[in-house]
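Colleague: Sequence:
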Amino acid sequence: MAKTSRDARRHIRAISEFFAAGKAVTEAAVNDFIGTYKKRKFLKQSLRRLIEKGLVEKKNNKFVPTLAGIRFFRSNIERSLKPKNWDGKWYLLSFDVPVKLNVKRDYLRRVLKSYDFYPLQKSVWVGPNKFGDDLWEFVVQKELNKYCRVMVVSVLEGDEDLKKYFKIGF
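The opening position of the sequence shown corresponds to residue 801 in my numbering, with each subsequent residue numbered one higher.
Treat the hints with care, as some may be off.
What the hints assert, rightly or not - With a Cα cut of at most 20 Å, we get these calculated SDA-like pairs of lysine to any residue:
1. K904 x L892
2. K964 x K841
3. K967 x E957
4. K963 x K942
5. K844 x E817
6. K913 x E857
7. K904 x N929
8. K946 x L892
9. K889 x A868
10. K913 x L935
11. K823 x D933
12. K862 x A808
13. K858 x A829
14. K963 x D933
15. K904 x N876
16. K922 x V911
17. K904 x Y918
18. K823 x D934
19. K859 x N831
20. K862 x V924
21. K922 x G888
22. K942 x R871
23. K930 x K963
24. K844 x N876
25. K889 x E857
26. K967 x D916
27. K904 x K858
28. K946 x D961
29. K853 x T836
30. K838 x K823
31. K841 x A868
32. K930 x R910
To be verified - With beta-carbon atoms standing in for the labels, derived distance ranges:
33. E957 x K823: 37 to 47 Å
34. Q941 x R848: 27 to 37 Å
35. N831 x D887: 36 to 46 Å
36. K838 x S954: 16 to 26 Å
37. G835 x K946: 28 to 38 Å
38. A814 x N860: 35 to 45 Å
39. K841 x D887: 35 to 45 Å
In short, the hints are calculated from the structure, not lab data. Glycine included, C-beta positions come from ideal geometry on N, C-alpha and C.
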């Protein structure tokens, strides 16, 4: 990977940490934040690209992450915080959402995918990382918690494909 690609990822990670809370941030605060970095020009360029992609909006001298932006920033942080040494446990979310809530069910699947979970079945998703508080807050906010069960599994037969997918032990 080229040095510039690594730098760009580093800049996005830094911005992700700044916007992950999902709150509006004043332009002055953003400028102060950017001022703490040596390569300000590239960080500003990354911010401009995030605005162009619709992940951040500029309104009334404030930067506001969009819903897609919040998911992007949080999943970016989750990816960067992935443990290098897997603890050997799988984290599963199983759900049985009624048909009348199809829209919420489909949205839940998209969110799980954005958090790097993998579908074992249509309503059973697995990942090597613990559930973040923000993911569970989403489930509660959408009133899906009564349909969901979280499990921590030490043994999952036939998990070789999952280990390849998540690049664990390779």
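Colleague: Hint by hint, note whether the structure agrees.
Modeller: Verification of the hints:
no.: 1; hint: K904 x L892; verdict: holds (19 Å)
no.: 2; hint: K964 x K841; verdict: violated (38 Å)
no.: 3; hint: K967 x E957; verdict: holds (17 Å)
no.: 4; hint: K963 x K942; verdict: violated (31 Å)
no.: 5; hint: K844 x E817; verdict: holds (15 Å)
no.: 6; hint: K913 x E857; verdict: violated (24 Å)
no.: 7; hint: K904 x N929; verdict: violated (23 Å)
no.: 8; hint: K946 x L892; verdict: holds (16 Å)
no.: 9; hint: K889 x A868; verdict: violated (29 Å)
no.: 10; hint: K913 x L935; verdict: holds (11 Å)
no.: 11; hint: K823 x D933; verdict: holds (16 Å)
no.: 12; hint: K862 x A808; verdict: violated (23 Å)
no.: 13; hint: K858 x A829; verdict: holds (13 Å)
no.: 14; hint: K963 x D933; verdict: violated (24 Å)
no.: 15; hint: K904 x N876; verdict: violated (23 Å)
no.: 16; hint: K922 x V911; verdict: holds (14 Å)
no.: 17; hint: K904 x Y918; verdict: holds (18 Å)
no.: 18; hint: K823 x D934; verdict: holds (14 Å)
no.: 19; hint: K859 x N831; verdict: holds (15 Å)
no.: 20; hint: K862 x V924; verdict: violated (39 Å)
no.: 21; hint: K922 x G888; verdict: violated (24 Å)
no.: 22; hint: K942 x R871; verdict: holds (15 Å)
no.: 23; hint: K930 x K963; verdict: holds (16 Å)
no.: 24; hint: K844 x N876; verdict: holds (18 Å)
no.: 25; hint: K889 x E857; verdict: violated (38 Å)
no.: 26; hint: K967 x D916; verdict: holds (12 Å)
no.: 27; hint: K904 x K858; verdict: violated (29 Å)
no.: 28; hint: K946 x D961; verdict: violated (30 Å)
no.: 29; hint: K853 x T836; verdict: violated (25 Å)
no.: 30; hint: K838 x K823; verdict: violated (25 Å)
no.: 31; hint: K841 x A868; verdict: violated (25 Å)
no.: 32; hint: K930 x R910; verdict: holds (18 Å)
no.: 33; hint: E957 x K823: 37 to 47 Å; verdict: holds (43 Å)
no.: 34; hint: Q941 x R848: 27 to 37 Å; verdict: holds (31 Å)
no.: 35; hint: N831 x D887: 36 to 46 Å; verdict: holds (40 Å)
no.: 36; hint: K838 x S954: 16 to 26 Å; verdict: violated (44 Å)
no.: 37; hint: G835 x K946: 28 to 38 Å; verdict: violated (47 Å)
no.: 38; hint: A814 x N860: 35 to 45 Å; verdict: violated (24 Å)
no.: 39; hint: K841 x D887: 35 to 45 Å; verdict: holds (40 Å)
When each numbered hint is compared with the structure, violations occur for hints 2, 4, 6, 7, 9, 12, 14, 15, 20, 21, 25, 27, 28, 29, 30, 31, 36, 37, 38.
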